[in-house]
Every structure is written in C-alpha cells, then in structure tokens.
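Novice: The listed protein sequences derive, respectively, from chains A and B. Positions 1 to 116 (this note's numbering) are the ones given, in order, by the first sequence. Positions 1 to 111 (this note's numbering) are the ones given, in order, by the second sequence.
Worth double-checking, as some hints may not be accurate.
What the hints assert, rightly or not - Partner residues are not named here, just some residues of chain A that face chain B (Cβ under 7 Å, in silico):
{"#": "1", "residue": "Glu-14"}
{"#": "2", "residue": "Tyr-18"}
{"#": "3", "residue": "Pro-43"}
{"#": "4", "residue": "Gly-51"}
{"#": "5", "residue": "Glu-104"}
{"#": "6", "residue": "Pro-109"}
What the hints assert, rightly or not - Just a sample of chain B residues kept apart from chain A, beta carbon distances all over 12 Å, derived:
{"#": "7", "residue": "Gln-37"}
{"#": "8", "residue": "Gly-53"}
{"#": "9", "residue": "Lys-57"}
{"#": "10", "residue": "Lys-59"}
As the list claims (entries may be wrong) - Take a look, some chain A residues computed to stay more than 10 Å from chain B by CB distance:
{"#": "11", "residue": "Lys-11"}
{"#": "12", "residue": "Val-12"}
{"#": "13", "residue": "Lys-17"}
{"#": "14", "residue": "Glu-20"}
{"#": "15", "residue": "Gln-41"}
{"#": "16", "residue": "Gln-50"}
{"#": "17", "residue": "Ser-58"}
{"#": "18", "residue": "Lys-78"}
{"#": "19", "residue": "Gln-80"}
{"#": "20", "residue": "Leu-91"}
{"#": "21", "residue": "Gln-105"}
{"#": "22", "residue": "Gly-110"}
{"#": "23", "residue": "Leu-116"}
If you're looking for bench data, these hints aren't it; they were derived computationally from the structure. Note that the Cβ used here is the ideal one computed from N, Cα and C, for glycine as well.
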Amino acid sequence: GAGVSQTPSNKVTEKGKYVELRCDPISGHTALYWYRQSLGQGPEFLIYFQGTGAADDSGLPNDRFFAVRPEGSVSTLKIQRTERGDSAVYLCASSPRGSGRANEQFFGPGTRLTVL
Amino acid sequence: GQQVMQIPQYQHVQEGEDFTTYCNSSTTLSNIQWYKQRPGGHPVFLIQLVKSGEVKKQKRLTFQFGEAKKNSSLHITATQTTDVGTYFCAAPSGSARQLTFGSGTQLTVLP
Numbered sequence: 001g002a003g004v005s006q007t008p009s010n011k012v013t014e015k016g017k018y019v020e021l022r023c024d025p026i027s028g029h030t031a032l033y034w035y036r037q038s039l040g041q042g043p044e045f046l047i048y049f050q051g052t053g054a055a056d057d058s059g060l061p062n063d064r065f066f067a068v069r070p071e072g073s074v075s076t077l078k079i080q081r082t083e084r085g086d087s088a089v090y091l092c093a094s095s096p097r098g099s100g101r102a103n104e105q106f107f108g109p110g111t112r113l114t115v116l
Numbered sequence: 001g002q003q004v005m006q007i008p009q010y011q012h013v014q015e016g017e018d019f020t021t022y023c024n025s026s027t028t029l030s031n032i033q034w035y036k037q038r039p040g041g042h043p044v045f046l047i048q049l050v051k052s053g054e055v056k057k058q059k060r061l062t063f064q065f066g067e068a069k070k071n072s073s074l075h076i077t078a079t080q081t082t083d084v085g086t087y088f089c090a091a092p093s094g095s096a097r098q099l100t101f102g103s104g105t106q107l108t109v110l111p
C-alpha cells in the first residue's frame, strides 16, 4: 500500500514569506507527527495529532508555526514570516494509533525547506 | 526535557568488519526504538525494545536494551555496503507520544 506522502518535496522561499507543507498519512493511521531535521541531526519533534486534534504541540518553536488536520487525515504545517533558521527537512510520520506508549512511526520522504 | 545521547557520531569500517552504536539516557526509558536513515532518505523503523535486558536479532543486526533501561546498543556483524546510513535511537518523552531522537551514528562501509 501507499506510504506517507509529503508535498512539495522541495520548497525555496524568501525570508518573511508564508509557506504550507502538506502530509498525507497512511490510510487508517490516526496518529500523525511532524518533525524537523537539520543537517547532521536527528529528527526534532514539533507536533502530534490524534485524529483531528493537536494532542501535543510542545515542540513548535514559536507562534509562527501552526499545523492543522481538519478531517483527521491530511495535515498541513504552516510557517508564517519564514526565517533563514527555519531551513531544514520537515518530516511527517504516522502510526496506527497513539497510546500511552510510542509505536512504530512511518516516515514520509520529507519536504526540504530553504529560506533565502 | 529528556535527552538521548548517542555515540559515536561517525564510524568508518571496512566491509566485513563489525559495527556498534550506543545510546544512553539519564532517565529510565519505557522503551527504545531504532531507525535507519539512508543517505538522502527518511528514517525507517528497525525495532522496538521494551523489556529490561531484552536482546533481539534481525539477521546480522543485534539490538540490546540495558538492565536498567537507560541504555541500548545496535551491533552489526560483518558489515556490508548496504548497511551504509545513519542509525538513530529514539525514546518516548513528554506526552509519551513524541519521540526524542539521538543525534545518530553515521556509518560508512568501505568496500
């Protein structure tokens, strides 16, 4: 079956612009996660959705970052007034369920964001 | 917040040599996961360890979870060029739904 997909694969924008990154999780997966990965580092947690609601947004660095998942499947990560420091690969992952214990997460290919 | 320390950062081996990466936490972990990321790719789940002292094998890969559940290791026997990539350990933190990743060990296998 299809895995997690993310669009666009690459996004180049100018400082101060607004960007949207999209994630299509594996069908039926109720848990969805956004991570950010800088070069040479491990993925850094941003936000977790269980169904439509953001169950944990403690990883969002500031209020320029926002994410939605209105119908419990596709999610959009929105970044306002982009800064050069936002440049990274943004990874989306999904898992069959979110419980009190972490489960295997299936990662998408990521969106490489470059802010000039 | 919780931190997971991973060493070494880089490892170069000749094909056929063994490889080990280590992961350490200052706090007791409920479980630990291992992921592999090929160059230019995304993390792919390898395994999850839950029990104290647990050892799991996948062909040439051996995963261990320490008795105190504060450390873990991944050992690859007789590396092959297909083993090239970065290996990450990851542990639940915060709400226990997010994963905190180690910084990874980048493995290069020289033919």
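Novice: Hints broken by the structure, by number, lowest first?
Specialist: Hint check: 1, 2, 4, 7, 15, 16, 17, 20, 21 and 22 fail, others pass.
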